[in-house]
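Asker: Generate coordinates for the entire structure from the input sequences, incorporating the hints supplied.
Protein chains in written order, with UniProt numbering: chain A, 1 to 230; chain B, 1 to 230.
Since the hints were made in silico from the structure, they are not lab data. Hints are supplied without guarantee of correctness; some may be wrong.
Straight-line C-alpha distance at most 25 angstroms; calculated SDA-like pairs for lysine to any residue [said to hold, decoys possible]:
#	chain 1	residue 1	chain 2	residue 2
1	B	Lys76	B	Arg33
2	B	Lys216	B	Pro175
3	A	Lys140	B	Asp51
4	B	Lys48	B	Glu129
5	B	Lys48	A	Ala165
6	A	Lys140	B	Asp47
Protein chains: 2
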Amino acid sequence: MSRIPMHPNSESQAATTMTIRRAGVRAEKKAARPAEILEATFQEFLDKGYDAARVEDIAARLGISKGAVYFYFGSKEALFAAMIGDLSTNLMANLAETEEVARGSATERLRACITLHFRRVTAAPRGREVIRFLLAEGRKFPDLVDRHFNEFAVPVFAMCQRIIADGIASGEFKPSAAELHPQMLLSPILAVAVDLLIHGDRRVVDEAITIEGYLKAIFSGISATPDPVV
Amino acid sequence: MSRIPMHPNSESQAATTMTIRRAGVRAEKKAARPAEILEATFQEFLDKGYDAARVEDIAARLGISKGAVYFYFGSKEALFAAMIGDLSTNLMANLAETEEVARGSATERLRACITLHFRRVTAAPRGREVIRFLLAEGRKFPDLVDRHFNEFAVPVFAMCQRIIADGIASGEFKPSAAELHPQMLLSPILAVAVDLLIHGDRRVVDEAITIEGYLKAIFSGISATPDPVV
Chain A
1 MSRIPMHPNS ESQAATTMTI RRAGVRAEKK AARPAEILEA TFQEFLDKGY DAARVEDIAA
61 RLGISKGAVY FYFGSKEALF AAMIGDLSTN LMANLAETEE VARGSATERL RACITLHFRR
121 VTAAPRGREV IRFLLAEGRK FPDLVDRHFN EFAVPVFAMC QRIIADGIAS GEFKPSAAEL
181 HPQMLLSPIL AVAVDLLIHG DRRVVDEAIT IEGYLKAIFS GISATPDPVV
Chain B
1 MSRIPMHPNS ESQAATTMTI RRAGVRAEKK AARPAEILEA TFQEFLDKGY DAARVEDIAA
61 RLGISKGAVY FYFGSKEALF AAMIGDLSTN LMANLAETEE VARGSATERL RACITLHFRR
121 VTAAPRGREV IRFLLAEGRK FPDLVDRHFN EFAVPVFAMC QRIIADGIAS GEFKPSAAEL
181 HPQMLLSPIL AVAVDLLIHG DRRVVDEAIT IEGYLKAIFS GISATPDPVV
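Answerer: Here you go:
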């Protein structure tokens with residue numbers, strides 16, 4: 001498995017750029033910025049999957065040539081990596097916002113953390129599609145999967161663990177709450193995401209109701225007081 | 001989207017069978033039974049994904065001709081549908097076994113249900129690969145997805161709901177446990193499955209430990225008695 005260029009300025013991209021450096025491409029690149037190319041890439045991979053997606057069809061979505069796409073991204077692999085990187089970066093911005101919003105008691109912070117993540121990662125189509133891409137194509141891109149995990153998932157889990165530790169220290173949560181792995185705490189978010197990804201609009205999921213009973217059960221399970229108001 | 005033939009005896013399969021009915025194929029079909037073809041199909045789709053998988057490569061895995069595969073399954077679509085059907089059937093047999101094993105108090109039955117499902121659906125590679133296939137290729141096969149959902153997922157959810165209702169009736173669980181959607185109850189199983197599917201053998205997940213804290217928290221949350229032994 002060759003190393004995946006994570007940024008446009010990779011060696012293979014530079015080599016490709018040399019071969020396509022023409023005046024026509026220069027004019028086109030002004031018309032289509034990298035962000036637009038990544039958006040078209042997202043749509044193309046979404047519609048066709050990685051294997052069937054073609055760089056010429058991504059270019060056609062923007063009315064530009066294949067060479068104009070290669071000007072920024074040297075290969076289909078680089079395009080896929082940049083697209084996942086872009087989606088992950090948005091999720092990471094969300095993480096910073098969660099830290100900001102999640103103030104108050106440990107119970108309030110944990111609820112805010114779960115609810116915000118649910119809204120951004122699961123309810124938002126772009127957020128949940130990362131899961132599909134990683135599951136469908138992840139084995140071809142182990143570096144990308146590891147990067148997403150280390151830069152996005154690990155900090156989210158760490159945030160949950162800090163909140164649980166704070167809640168145990170403050171007496172809000174039972175000491176046994178420490179055994180609750182953060183991945184398990186967030187698992188209903190993943191379950192709703194997988195449900196929406198698999199069934200699309202063919203089955204209506206009331207995500208709010210689905211999550212609500214879970215929150216009640218889990219908070220009731222970890223709280224030091226019976227029947228906490230969450 | 002054309003209708004997907006769910007069984008070997010579809011019209012398109014019959015038509016294909018006519019064209020390939022040769023003595024050589026007849027000899028080959030004795031050598032490779034449908035079960036072996038489905039196993040080779042699973043491995044091929046697993047390695048390459050649906051789009052890149054080729055019927056000739058599935059045949060090559062068994063040392064038979066493409067025609068011998070078409071003798072049983074009339075198209076790549078039919079092969080994929082039959083393979084998912086085969087995996088789902090195994091999961092349904094597991095469901096029957098769970099009903100059998102899950103005896104005793106509602107707490108014991110719910111724990112047995114979660115644990116058995118975890119072992120068969122998540123810990124077993126073939127069980128969890130269904131999730132990857134449905135996520136990666138599900139949009140091409142809506143009938144297949146709906147069938148899997150209705151014949152496998154719905155009965156599992158119904159079983160969980162029956163156990164929770166029994167536990168509320170017997171006074172083992174709080175009435176609020178009724179609000180716990182079964183999909184949420186089983187979500188940690190899905191979370192571990194997704195983790196294993198995305199990271200493969202690059203990250204060691206101690207599934208038993210991961211699930212244990214969750215079980216403690218959720219049972220503590222729904223049980224009528226504090227700190228139930230689960």
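Asker: Going through the earlier hints one by one, which of them does the structure break, listed in rising order?
Answerer: 5
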